[in-house]
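Asks: Listed here are the chains, written in short residue letters.
Number of protein chains: 2
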Amino acid sequence: MTGSTALFTDRYELTMVDAALLDGTAHRESLFEAFARRLPDGRRYGVVAGTGRLLELIERFRFADAELEWLREHEVVRPATLDWLADYRFRGDIWGYREGEAYFPGSPLLTIRATFAEAVMLETLVLSTLNFDSSVASAAARMVSVALGRPLAEMGSRRTNEGSAVAAARAAYIAGFDATSNLEAGRAWGIPTMGTAAHAFTLLHDSEEEAFRAQVEALGPKTTLLVDTYDIARGVETAVRVAGTGLGAVRIDSGDLPTVVGAVRDQLDALGAVDTKITVTSDLDEFTIAALSGAPVDSYGVGTSVVTGSGAPAAGMVFKLVARRDDGGDWVPVAKASTSKASVGGRKNAARRLDSTRTAREELVFLGDGPDGADEFAPDDQLRPLMVPLMRDGEADASFTGPEGTRAARAHRAEVMQELPIEAFRLGRGEPAIPTTYR
Amino acid sequence: MTGSTALFTDRYELTMVDAALLDGTAHRESLFEAFARRLPDGRRYGVVAGTGRLLELIERFRFADAELEWLREHEVVRPATLDWLADYRFRGDIWGYREGEAYFPGSPLLTIRATFAEAVMLETLVLSTLNFDSSVASAAARMVSVALGRPLAEMGSRRTNEGSAVAAARAAYIAGFDATSNLEAGRAWGIPTMGTAAHAFTLLHDSEEEAFRAQVEALGPKTTLLVDTYDIARGVETAVRVAGTGLGAVRIDSGDLPTVVGAVRDQLDALGAVDTKITVTSDLDEFTIAALSGAPVDSYGVGTSVVTGSGAPAAGMVFKLVARRDDGGDWVPVAKASTSKASVGGRKNAARRLDSTRTAREELVFLGDGPDGADEFAPDDQLRPLMVPLMRDGEADASFTGPEGTRAARAHRAEVMQELPIEAFRLGRGEPAIPTTYR
Numbered sequence: 001m002t003g004s005t006a007l008f009t010d011r012y013e014l015t016m017v018d019a020a021l022l023d024g025t026a027h028r029e030s031l032f033e034a035f036a037r038r039l040p041d042g043r044r045y046g047v048v049a050g051t052g053r054l055l056e057l058i059e060r061f062r063f064a065d066a067e068l069e070w071l072r073e074h075e076v077v078r079p080a081t082l083d084w085l086a087d088y089r090f091r092g093d094i095w096g097y098r099e100g101e102a103y104f105p106g107s108p109l110l111t112i113r114a115t116f117a118e119a120v121m122l123e124t125l126v127l128s129t130l131n132f133d134s135s136v137a138s139a140a141a142r143m144v145s146v147a148l149g150r151p152l153a154e155m156g157s158r159r160t161n162e163g164s165a166v167a168a169a170r171a172a173y174i175a176g177f178d179a180t181s182n183l184e185a186g187r188a189w190g191i192p193t194m195g196t197a198a199h200a201f202t203l204l205h206d207s208e209e210e211a212f213r214a215q216v217e218a219l220g221p222k223t224t225l226l227v228d229t230y231d232i233a234r235g236v237e238t239a240v241r242v243a244g245t246g247l248g249a250v251r252i253d254s255g256d257l258p259t260v261v262g263a264v265r266d267q268l269d270a271l272g273a274v275d276t277k278i279t280v281t282s283d284l285d286e287f288t289i290a291a292l293s294g295a296p297v298d299s300y301g302v303g304t305s306v307v308t309g310s311g312a313p314a315a316g317m318v319f320k321l322v323a324r325r326d327d328g329g330d331w332v333p334v335a336k337a338s339t340s341k342a343s344v345g346g347r348k349n350a351a352r353r354l355d356s357t358r359t360a361r362e363e364l365v366f367l368g369d370g371p372d373g374a375d376e377f378a379p380d381d382q383l384r385p386l387m388v389p390l391m392r393d394g395e396a397d398a399s400f401t402g403p404e405g406t407r408a409a410r411a412h413r414a415e416v417m418q419e420l421p422i423e424a425f426r427l428g429r430g431e432p433a434i435p436t437t438y439r
Numbered sequence: 001m002t003g004s005t006a007l008f009t010d011r012y013e014l015t016m017v018d019a020a021l022l023d024g025t026a027h028r029e030s031l032f033e034a035f036a037r038r039l040p041d042g043r044r045y046g047v048v049a050g051t052g053r054l055l056e057l058i059e060r061f062r063f064a065d066a067e068l069e070w071l072r073e074h075e076v077v078r079p080a081t082l083d084w085l086a087d088y089r090f091r092g093d094i095w096g097y098r099e100g101e102a103y104f105p106g107s108p109l110l111t112i113r114a115t116f117a118e119a120v121m122l123e124t125l126v127l128s129t130l131n132f133d134s135s136v137a138s139a140a141a142r143m144v145s146v147a148l149g150r151p152l153a154e155m156g157s158r159r160t161n162e163g164s165a166v167a168a169a170r171a172a173y174i175a176g177f178d179a180t181s182n183l184e185a186g187r188a189w190g191i192p193t194m195g196t197a198a199h200a201f202t203l204l205h206d207s208e209e210e211a212f213r214a215q216v217e218a219l220g221p222k223t224t225l226l227v228d229t230y231d232i233a234r235g236v237e238t239a240v241r242v243a244g245t246g247l248g249a250v251r252i253d254s255g256d257l258p259t260v261v262g263a264v265r266d267q268l269d270a271l272g273a274v275d276t277k278i279t280v281t282s283d284l285d286e287f288t289i290a291a292l293s294g295a296p297v298d299s300y301g302v303g304t305s306v307v308t309g310s311g312a313p314a315a316g317m318v319f320k321l322v323a324r325r326d327d328g329g330d331w332v333p334v335a336k337a338s339t340s341k342a343s344v345g346g347r348k349n350a351a352r353r354l355d356s357t358r359t360a361r362e363e364l365v366f367l368g369d370g371p372d373g374a375d376e377f378a379p380d381d382q383l384r385p386l387m388v389p390l391m392r393d394g395e396a397d398a399s400f401t402g403p404e405g406t407r408a409a410r411a412h413r414a415e416v417m418q419e420l421p422i423e424a425f426r427l428g429r430g431e432p433a434i435p436t437t438y439r
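Protein sequences appear in the order of chains X and W.
If you read the first sequence in the working numbering, its first letter stands for residue 1, the second for the next number, and so on.
If you read the second sequence in the working numbering, its first letter stands for residue 1, the second for the next number, and so on.
These are calculated hints, taken from the structure and not from any lab test.
Careful: at least some of the hints might be erroneous.
[As the list claims (entries may be wrong)] Taking lysine to any residue and the SDA-like style, the derived pairs with C-alpha atoms no more than 20 Å apart in a straight line are:
| hint | chain 1 | residue 1 | chain 2 | residue 2 |
| --- | --- | --- | --- | --- |
| 1 | X | Lys222 | W | His74 |
| 2 | X | Lys222 | W | Asp23 |
| 3 | W | Lys336 | X | Asp253 |
| 4 | W | Lys336 | X | Tyr230 |
| 5 | W | Lys336 | X | Arg213 |
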């Protein structure tokens, strides 16, 4: 993906820069923080995603002639500000939670240090990326935990915007899904892609048998045949007759799944197709997947519910100025005064406190005035530091970007999940699995 | 926006083409239809959006060297199929509901006629576009109807993926919103953009007064000042003192809005700022907007709820093969046999039956075998035809694309809304406002 990302931005970011350049405050060094005030209703934990994508998008946040000309024509900012924008590229520092990390209310997920003008312009992009991707990853992680090791494929591209489909496939993969139907996600992020045929393919042919023959001819007997276009039992019989007992899998996309799946397994076994897998794909979410735990399902395909965050389509993260330097160069913690939208000013650091069994017990957020004025906490065996440098002087740490960063995030998520207390994985509504404490 | 859209596609579309090319069925002329089996839970009507964007994306659905190389390397299809893909561009016909049209369960929103291979490949793109954009437009239309003529601005970019943010701004505009915060939506689709400052701008300054002075200096006294960073009453007093009684507007982003808004109006009037407007932006949705109908609000800014479809983030549309020619050239209506996922085979046409007051009473769907085998219905005063040609031989009708098409869709939506029965605009859950009848 290429091209400027500078206009994926709310207009007020640029008008603030415009006004702050005029009175000189634009150059005050500032700390901005992204965090979630709360988890989606009843969830026990969230999973950070979007970070690797974001770093790449920030590197492409440049105003080229096309963007400047449009801003000039529409008088979004003063001409002097256009000159400043023309030279803009982000040169600050970003640190925060690793992609794939678990998070809780108040976790300081991302901190940006730069001049006010440099940092504030990134607000919309930071939040678009973290909110959407974390929403998908947080929902996906719950599906992964109830799937009990059975593989999951993301196939919800058709239920979300064509661009967000790619991001959703990536976020679900980080959360532990194994594959996606989306080809661009395969190309851009190295995610395994899957899929063989829809009902249309069967309906195109004069009979189900002809359709199966055509598919096996092209894709081989290890393919997955969709057996529920007409009658499932007849579909299974035809599938094994056409492909042989070495048939890779059958897919079921409708019906009362627990019952149907059991019957199909019995039928496959009776036909000798004992190694033929069963994959199901009918409007699944974490609850219906859990309900299938006792059924002989081999893998799941999940669409709508994962790409829409299963009831929580935005993760609710906000991006706030938490500290800035005054004219004397001292850091001043700042926060909006509001009861309903409280935020905690000042620089943050964070660690997860683990007990002797390496189980997470507390999210510790350390408060300071600003980067230069606070001591670091001392990590020890039971205090795992959560914040890592992501970008220095505007240069992304390459270990977090691209397909490699995506795989690293997936691996990190797998480790972190083992650390969460067992209550975290309950599906029912409840409180965050561990409390957040400010020190 | 440029670049190939061909990989924004589920893998199984290409494997179906692969297998169908091998047995020759790929070239069977086919009719695919996009429709929604039902409206989101309790909704009375939906609003079609995404059509104009889709037509542009289809014109860019081409496999260039980069796409072909990736498909070859990952062995998604056989080499012979790659040659076919290299020559592919959509050359078929598309007709359907105009963008901005109201729709109901079963409304035949989009019909594609082309060979199977040509048409099936567009499935993912068709559904991504229609599902997401219609979800936003359908939620936005409800907000517009309860806003009772007060202007609405879409400002949810930060709550959805950076690409879907642009599509959401466009869909909300079609549904009757007046502006967006998203600059790319302004550039790409000609939508008016708005926004002045966030809390960070006030917190950057040593006092609220200094922040307001800086903003008025740069943006003029007609700007909108955000008055709730500290104490709202003091903020309003400072705003009028700094900008004068000609201040454009104050924005309130927190607090118990009905109470706060009334107090702010009284205070502004007492200060002589009788023409200063009040805009509110605090986590609004159709229900909280309705609750403010008696308060002296002048305009609304809506974020999360509109870009996430206010509880229905995907419109639930599906894309089905409904008819195809057999080897003799006759059209054969086809449909999957399933009780839970029923669809009606065959070609459709549609009209809305209006009564003598031009109020919609029925969604009529006319069934036929295929394009050549069915009589057209006779439109009359009380039968408004709903389907129009959108693309012929792969060429989009330019009146539906670009900023002009977006404006046309917005105007069409405004007309259509006047036609709906009054029950359609009730916020509470209920049945579709008119029944769908098949003939």
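Asks: Holds or violated: W:Lys336 with X:Asp253, Cα cutoff 20 Å?
Replies: Satisfied, since the Cα-Cα distance of roughly 11 Å is no more than 20 Å.
Asks: X:Lys222 and W:His74: Cα distance at most 20 Å?
Replies: Within the cut-off at roughly 17 Å; holds.
Asks: Given the hint that W:Lys336 pairs with X:Tyr230, test it: the Cα-Cα distance must not exceed 20 Å.
Replies: Holds. W:Lys336 to X:Tyr230 sits at ~6 Å (cutoff 20 Å).
Asks: Can the restraint linking X:Lys222 and W:Asp23 be considered satisfied, given a maximum Cα separation of 20 Å?
Replies: 19 Å, holds
Asks: Decide if the proposed pair is consistent with the structure: W:Lys336 and X:Arg213, CA atoms, cutoff 20 Å inclusive.
Replies: OK: W:Lys336 and X:Arg213 at ~19 Å, within 20 Å.
In the structure shown, no violation is registered for any of the earlier numbered hints.
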